[in-house]
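Chains as they are written, first to last, in the working numbering: chain A, 1 to 325; chain B, 1 to 332; chain C, 1 to 305; chain D, 1 to 329.
Don't take every hint at face value.
[Said to hold, decoys possible] Some chain A residues well away from chain D (every beta-carbon gap over 12 angstroms; in silico):
1. 39
2. 175
3. 285
[To be verified] Here are the simulated lysine to any residue pairs, SDA-like style, with alpha carbons at most 25 angstroms apart:
4. D:230 with A:123
5. D:7 with C:118
6. B:40 with B:51
7. B:131 with C:47
8. A:269 with B:79
9. B:292 with A:149
10. D:221 with A:272
11. B:292 with B:79
12. C:190 with C:128
13. B:292 with A:110
14. B:40 with A:153
15. B:162 with C:210
16. B:14 with B:51
17. D:230 with A:260
Treat the hints as calculated values from the structure; they're not laboratory data. The C-beta atom is built at its ideal place from N, Cα and C for all residues, glycine as well.
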Amino acid sequence: MTASPAGHALSVRNLSVEFPSGRGRLLAIDDVSFDVAPGEILGLVGESGAGKSLTGSAIIGLIEPPGRIASGEILLAGRRIDNLDDTQMRHVRGREIGMIFQDPRTSLNPLFTVSRQLTDTIREHRPMSATAARQEALRLLEMVGIPAAAQRLDSYPHEFSGGMCQRVVIALALAAGPRLIIADEPTTALDVSTQAQIMKVMKDLCKSSGSAMMLITHSMGVIAALADRVAVMYAGRIVEIGPVADVILHPRHPYSKGLIASIPSLEQKMARFSQIDGAMPRLGRWPGGCSFHPRCPSRMDVCSTVRPELTEKGNAMMACWLDAS
Amino acid sequence: MTLDPAQPSLIAVKGLSKQFDLSPPWWARLLTGAQRRVLKAVDDVTFDIPRGKTLGLVGESGCGKSTVARCVTNLMVPTSGRVDFNFGGAVEPSTALSPEGRRKVQMIFQDPYSSLNPRWPISKTIAEPLKVFGLKTSRAEIRDEVRLLLETVGLHADDAHKYPHQFSGGQRQRICIARALACRSEFLVLDEPTSALDVSVQAQILNVMLELQARLHLTFLFISHDLSVIFQMSDYVGVMYLGRLVEIGPTAEVFRRPRHPYTQLLLQTVPRTNLVGQIRAPLSGEVPSPIKPPGGCSFHPRCPHVMDVCRSVAPKQTQSGAELVACHLAAG
Amino acid sequence: MLLRSMSESHLWHSLRQSVTTMAALLALTVLVVGAVFSPWLAPTNPFDVASLDLLNASMPPSWLPGGDFKFLLGTDAQGRDMLSAIMFGMRISLIVGLCSVALAMAIGITLGLTAGYAGGSVDAFIMRFADVQLAFPSILLALLISGIARSTLSSQTYQASALWVVVLAIGLSTWVLFARPVRAACMVEKTKDYVHAARLLGLGRVTILLRHILPNVLGSVLVIATLGLGVSVLIEASLSFLGVGMPPTQPSLGTLVSSGRDYIAAGEWWMTLFPALTVAVLVLSVNLLGDWLRDALNPRLRLAR
Amino acid sequence: MLTFLIKRLAQAGLVLMSVSFCSFLLFNFVGDPVQQMMSATASTEDREALREQLGLNASTPVQFVRFVGNIAHGNFGNSYRLGRPVERLIAERLPATLELVAVAAVFALVLGIAMGLQSGLAPTSLLARITQWGSLIGVSLPTFFIGIGLITVFSVWLGWFPAFGRGDVIQFRWWSTGLLTASGLQSIVLPAITLSLFLMTLVMRLVRGELLEVMRTDYIKFARARGLSKRLIYLVYAFRNTLVPVITVIGLQIGSLVAFSIITETVFNWPGLGLMFVDAIQFADIPVMATYLMLVALVFVVINLVVDVLYLAIDPRLRTGSGGSGAAT
């Protein structure tokens, strides 16, 4: 946290997102801060309902109403983008932030050719003739590794396999050369062997273009393979953030510990799985103090009343009262 | 071959095939010259499961593992082949199961959100098999049994009157297990039972299943695309690719020394948390459409060890150590 | 059963949120009470020929010059009190509407469930049948059926059974309204795992359909039934307007509009306007209620999957 | 693709066959034609002769084949009431109805789609709320009431438009058009509005509903995340996806526009087929009824074939015929 916000591709400061409801306003993201350096891949990991996808939507300014950003700042290369109006934000989306969604088959409009969707996106952000845009579309498809791209340019999405569709989606997200890519579960809908290919494409592209990436996933394996740093989210907050090797191999927050321990191992057969009891509470039923305390094996009195803040512990930061003193 | 000659098999599947005819109607084929299109979802699959053991079936989407599950439980009628059960008495083919036999074969489904009738309180769902099979008759007995079953799977007995939407995914999966237990089933098909759940909840559900298996001596057919779950849960594992069983054997053996190149590929590409920063992937290749599988060995276009014979001849299953492998390499 | 599991509090809460729905419910209650209890509530009995007096004919509503407070909404050309005629007419309109919805629902649900669950050639046959049916828009079919009844029955039998002919005509021409969504919903439900679980218990098709699937498609049926009531009342009114629905001896709202129509040119608009307005308010409030039901049940249905 | 079209053509043929069979049944079993055609005093021999002459003594299948053959030759029999060939009557009345339906359909589609888009894209705007309410009232009002109301206001009170009839028409061979004369245009305004209102509100609600549905899909979210302009997202991407389900319903409903023209024509005394049909029902004029039915079915079938072709134009997935590859795993 030493560099100035300007040095970061993305800085999120004290971000909170709320949903008005019958029972008052519900905080779905509560005071989240993190940075992503240029060329860095930050993994955002957590179970469903932790608020990781919502964080991604908040950054690109596409939270579904009635949800809205309650407080905090989002800075893209030092420029505040959370208070931009719709037109200004439209020029940020696609041009400066690219987004990749989970299901490649539903992400592409089934009624338009791949080239149409690509050229529309390219020409939206870069003044270019139709033929030049088509050339660029071809270049993008080749870049993401679509074989015989020239012949497939005018195909419709249903003529592609799942993995090929996701490559097209990546090409679309990269069409205007964004400085930040938000990838929301980019490999979840794919088969294991295809998954690895897509991860490789994403990692290579990040390295070669210098774009930063925010990788949102529930899979620790994907995080381990791709990310440089990882933030673990629970109930709308970051509970632990640090370099991947530290957090995944030596987690210290009881939740990260439990989460990683509950992943079935491929190395050693166990008689019983290590489990965290209970489940993540639903939105609006989050307990006070540390919201993990009802499930925490090492909870203390303080945990149920006072909320721990993120504090530095070695290479990583975590929000826990354990060895806080 | 049987997986464990010392143990009697509870279920034996022989030459199971299931085809779906996707061809256009005959008049359209006549007029447009279109070809018949037959999807071989399952192609000549043979295996057996010893009593009290777990066979894991693993493979990518479209490999036919769910179709096997449906054929085994009689939700689908196989095109050919047979499924025989032996619950200790006579051998019963699955197509002619007695009500008693049917009761013993139950299934846990993937989607906990659709596997419970949303209009029924869960007590009614769990009580249904008790009534249908006449296991309990009086109202008080049924109520007590439902409470007992709920506690067995780790839920509160007082929640019996609640409706499915009041439960989380993991809790619903427990309710489904309770329904299967209500049948006093002996053989459970688990079709991706945890793939809709979060990791920490997955661990809970898998633990429940392990405990119940040990206590009630249950036999499992465990279907999953997750290699590590299969590794942990099963005694034997079968690997499927495009409708065929390419490798089957004791879990430890298959995972330690995979013999089929496809199994090797799967094990190599699965992301592991202990390998930080490593992506081990072949550059290209995807599962082809099961409607038009490649000729010969259907894996040959992706196989790094492909030989000429692979393109033309489909390999037969051959014994290799404690395993059966369908590969020309293993055949020597 | 349905409402209980939807939890009454939820429906009630959403009902109180919507002012228009409350208003519609109120209007509907007033109209239905007025119609059901018309023999006791109506100021006069419009069918009692003895009480008619031609001196009272064509009187404007009571608040206009020449109006009489005895006849709040004026009188028709025979001196009938319009208010009473409307209340009695609405009774007939509602009976026809409800009966024909019930008929359409019975046919539609049965065929829809059968087609959806059986699939294959049974499904194809029923749905082709529905397609042919769709080629005859409902009002046309209703016209045809009452036309046939008119030409086959003697005029006396026809008069006596006019109500049932109209019910039959509307019911037979609107069943597709139910059959298609029920079939679609049934096809969705039957692939769900709770149905598979029921099949594993060895339950028969009929048992599964009635115990498991039917309760789960009732939500959409309820919405269609509400909207269908509006449609039925409209068709009945149109048929009567065209002179092939309810005869003047048993006047429904549509019949009243139709018989008052000739007097518009003479400036005696109330004979048409008031019955027509009643139809409009009736159908509007039914539609509002249906819309609200759909919105109130839908997110719930989606959540419960 | 060819399979798809052949299938639809076969279905269309099936519909026409069933409808002509219904018409045939109408002819033969409802109301004895001999009874209708001869006076009550005619002798039994005369009746028998006429029977023979009409071919009524042949077996039912033979009669049906003859019936279809007659239709194929454009011979629909004589009207009981007017004693003239039905095809002539139809030909005289057809232009009036088709013009009315066409004008109403254009009204309904253009305004309905425009209002639907508007209220779907800005569901909370004042205009959207007004159209939303208007549409609800629109589907709740009986067609005849709208017609009577329009006549009362615009003809009786204001005197802007004629209350009935078609105005002056120009004859082109057998087709007569009212669209080329001032009085003809004036005359068509009120009936066309009356007829179009129901479809217009339906189209509007449908477009709005489908658009809201499409706006929730991943590909629209992804298009927004790529920073595409609103115009492109709404009017090109989302609109085309909205059209797929919308044209099906529109296809079905344009058919029913023909049916609803019965009421409109009655209210406005419009000299079209609907008016003729109502008269035919009153007098049990079976040949006219039967022919009208077949005509409506034909219109329905033709419109639906057009819809199918539109489908092919809009949805590439149908063109390659690979729709059904998502089989069980």
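Against the structure, the hints come out as follows:
1. 39: holds, 22 angstroms
2. 175: violated, 7 angstroms
3. 285: About 26 angstroms separates residue 285 of chain A from the closest Cβ of chain D, which puts it past 12 angstroms; holds.
4. D:230 with A:123: Cα-Cα ~14 angstroms, so holds.
5. D:7 with C:118: The hint holds at about 22 angstroms.
6. B:40 with B:51: Status violated; Cα separation ~29 angstroms.
7. B:131 with C:47: Between residue 131 of chain B and residue 47 of chain C the Cα gap is close to 58 angstroms, so the pair fails against 25 angstroms, i.e. violated.
8. A:269 with B:79: violated, 37 angstroms
9. B:292 with A:149: holds, 22 angstroms
10. D:221 with A:272: violated, 42 angstroms
11. B:292 with B:79: holds, 19 angstroms
12. C:190 with C:128: OK: residue 190 of chain C and residue 128 of chain C at ~21 angstroms, within 25 angstroms.
13. B:292 with A:110: The given pair, whose Cα atoms are some 23 angstroms apart, holds under the 25 angstroms limit.
14. B:40 with A:153: violated, 31 angstroms
15. B:162 with C:210: holds, 22 angstroms
16. B:14 with B:51: Within the cut-off at roughly 17 angstroms; holds.
17. D:230 with A:260: violated, 43 angstroms
Going through the hint list in order, the structure does not satisfy hints 2, 6, 7, 8, 10, 14 and 17.
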